[in-house]
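*Asks:* Residue numbers (this note's numbering), protein chains in the order written: chain A, 1 to 401; chain B, 1001 to 1262.
Simulated from the structure, these hints should not be mistaken for lab results.
Possibly wrong hints are sitting among the right ones.
[Claimed, not checked] Covered by chain B, per the in silico footprint, the following chain A stretches (three or more residues, Cβ under 8 angstroms):
| no. | segment |
| --- | --- |
| 1 | 221–231 |
| 2 | 243–250 |
| 3 | 253–262 |
[Claimed, not checked] Cross-link-like lysine to any residue pairs, in silico, SDA-like; alpha carbons within 25 angstroms at most:
| no. | chain 1 | residue 1 | chain 2 | residue 2 |
| --- | --- | --- | --- | --- |
| 4 | B | LYS1148 | A | SER373 |
| 5 | B | LYS1125 | A | PRO256 |
| 6 | B | LYS1222 | B | GLY1044 |
| 7 | A | LYS259 | B | LYS1125 |
| 8 | B | LYS1125 | A | PHE223 |
| 9 | B | LYS1148 | A | SER233 |
The model shown is predicted, which means the values in this text are computed figures rather than measured ones.
Note that beta-carbon positions come from the ideal geometry of N, C-alpha and C, so glycine has one too.
Letter by letter, the chains look like this.
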Amino acid sequence: MAIITRKKASKKPRAPFSQRTWSIGFFSLAVLIYIFYTYILPHTPDGFQSQIQTWFPPSALNEALVWVIAALGLNIVVGYAGLLDLGFVAFWAIGGYTAGWFMSGFFNQWNFHFGSESAKVIPGIHLSFWLVLVIGALICAFFGIVIGAPTLRLKSDYLAIVTLGFGEIIPQIFVNGENIHGFNLSNGTKGISPVDSIGIFGKRLGPFDLNYKYMIFVAMAAFMVFISLRLRSGRLGRAWLAIREDELAASMMGVPLMKTKLAAYAVGAISGGLAGVAYATHVNGIFAERFQFSISIILLAMVVLGGMGNVWGVMVGALLIAWVNSTGLPAFGNEINSTFNTNINFPSYTFLIFGALLILMMLFRREGILPESRLKLLMHENDDESGNEQPHDEISEEEDL
Amino acid sequence: MALDSAPVLEAKNISVEFGGLKAVDDVSFAIPDRSVVSLIGPNGAGKTTFFNVLTGLYKPTSGFVTYDNEDITGLVPHKIAERGVARTFQNIRLFGLMTAEENVMVAMHSHLKAGIIGTIVGTPKQRSEEREARAEAQALLNFVGIGKTAKEFARNLSYGDQRRLEVARALALRPKVLLLDEPTAGMNPQESAVFVDFVYKVRDEKNIAILLIEHDMSVVMKVSERITVLDRGTKIAEGSPAEIKSNPRVIEAYLGKSAEVH
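In isolation and in its complexed conformation, chain A is listed as follows (with noise of 0.2 angstroms):
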């Protein structure tokens, strides 16, 4: 029998920075981005103003933000318990005609005012903004709930497929949902406009009251933060690791895998959910066509470019795709054609920047730009101990006969 002995230079597991340094600093910031828009931005020169709208337009940083909502939700799913989704864009959907249905003129046949700040007058169900949020979660659970359950049993790849499939039929039960039996659910590609403005402390927000909506988003985002922590360091983050360790041995170690999986998958879909609806309000309208394929591709590239696993890491790769998306990339084209004389289309090429992006994250940073510290280990651990080799490895497994 082999002799081996080992003993590996103990690597201890120490974040750069504490997560209660990252949550003040992430705080400090959202303050500081607030009153530099609400105080200091009208009083600078007019040639600054510009130059901020054209780079960093607040309303470019209130949908960065719904980005992160939904990116720190998938977290959960893709990061903390390990299980491929692909039609994340579904729960984001559902979330979003919640706000349409809930909040909105749209149900005309009903007049049904709560909490709502909209003058009564007005037919439809107006609904509570914050209670709508509740209503949103609770629906994309259930559907979590309801997609998950029958798919949770298949291996991942499989899975992923299957949730390909769920992203690809929600929205398009959405864009043809005019008329269900004589039931109009959707209005179909004309989509569902206005939304309700936000109402907070009897004050209506108008659509462009961008710096209240601002602070409401970095509220729903800390929520999301602190939820995803509070879960991660708990009793279900510990299983939701186990079984992206390694799902036989957690399943050995009583931790049922169906309902703990169920359980990533529901608070996924609760904050799906909540950007749907954050959503809705900040376009002020829903619309079918724009719940595509490419949504649940981007925010899994949030994660994974990020850092899976880690909310910062998340929380900034978010927020970078999701800037260089909607206003980077076509203010530098604009300022490339502009100083070359040239007229060349940027944002179209939007693709095709973002996978060479891709591709280069992960030939040279695999981890992602903030990651969670214990992935960092796995994916440099072969750089610089090539030539030990695995012990376990050296043993014959037997054949399960």
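Place chain B on chain A using the hints.
*Replies:* Coordinates of chain B only, in the frame set by chain A:
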């Protein structure tokens, strides 16, 4: 001796077929409470298959398994684990990117009660439960002798420590029976000798029964109170180490028929 006590885990007339192939054929086997028993046999004898039936990974084609006089045949693995059947793996299956402490705490999953809401809110109950679980994990790590590694990733531990961590993790289920699948694989003779004492320490201090699958005959003979021999899916012998050593069928199974001729 512990062999007289009532069986804690008992398999009756277990058969497992894969397609037409009988991997295990009508094997009955009991693990008396607080005993140390072994299952041996040449490669492909059906030991691991039998093990997998006990832990719920495979459903037997016929026969049944009882635990504490309760039928547990065909229950899903986590239900069986929850009741108190713990195991380690032949090729170590730790959660490599989790710390030693987290590894042990995963196995406490079924004992902990915190739900989603309780965890998010961080109720006093949840917090004290976590504290106790952490203390229990540390105690278990100390028990198996790797208390200092609590905050290290499992994959960074030395091979012997990984084996110990697997035992600590299994014990976190608070089992009545512990199944060890080739626990000394990859150990040198000195480590194996230490391991024999360790098995008795676990048995005596945790008051549990232990079943080993083992290749290393010197370990098996030293540690077992009773040995069962499987060959090609059937039970060919059962008895004390001395009886097994002199059993002609066992010798034949291990060395082949020609061994007798020479």
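*Asks:* Each hint: holds or not?
*Replies:* Evaluation of the provided hints:
For the segment 221–231 of chain A, the stated coverage by chain B holds: 4 residues have a C-beta nearer than 8 angstroms to a C-beta of that chain, and at least 3 were required. Figure legend: the segment 243–250 of chain A, annotated as covered by chain B; annotation consistent (5 residues with Cβ-Cβ distances under 8 angstroms, at least 3 required). For the segment 253–262 of chain A, the stated coverage by chain B holds: 5 residues have a C-beta nearer than 8 angstroms to a C-beta of that chain, and at least 3 were required. For the proposed pair LYS1148/B and SER373/A, the alpha carbon gap of about 20 angstroms is at most 25 angstroms, so the pair holds.
Straight-line distance between C-alpha atoms of LYS1125/B and PRO256/A comes to about 22 angstroms, which keeps the hinted pair within the 25 angstroms bound. Restraint check for LYS1222/B and GLY1044/B: the C-alpha separation of about 24 angstroms stays at or below 25 angstroms, so the hint holds. About 22 angstroms separates the Cα atoms of LYS259/A and LYS1125/B, which keeps this hinted pair within 25 angstroms; it holds. Between LYS1125/B and PHE223/A the CA atoms are separated by roughly 22 angstroms; this keeps the pair inside 25 angstroms, and the hint holds.
With a C-alpha separation of about 21 angstroms, the suggested pairing of LYS1148/B with SER233/A holds against the 25 angstroms cut-off.
Of the numbered hints stated above, none is contradicted by the structure.
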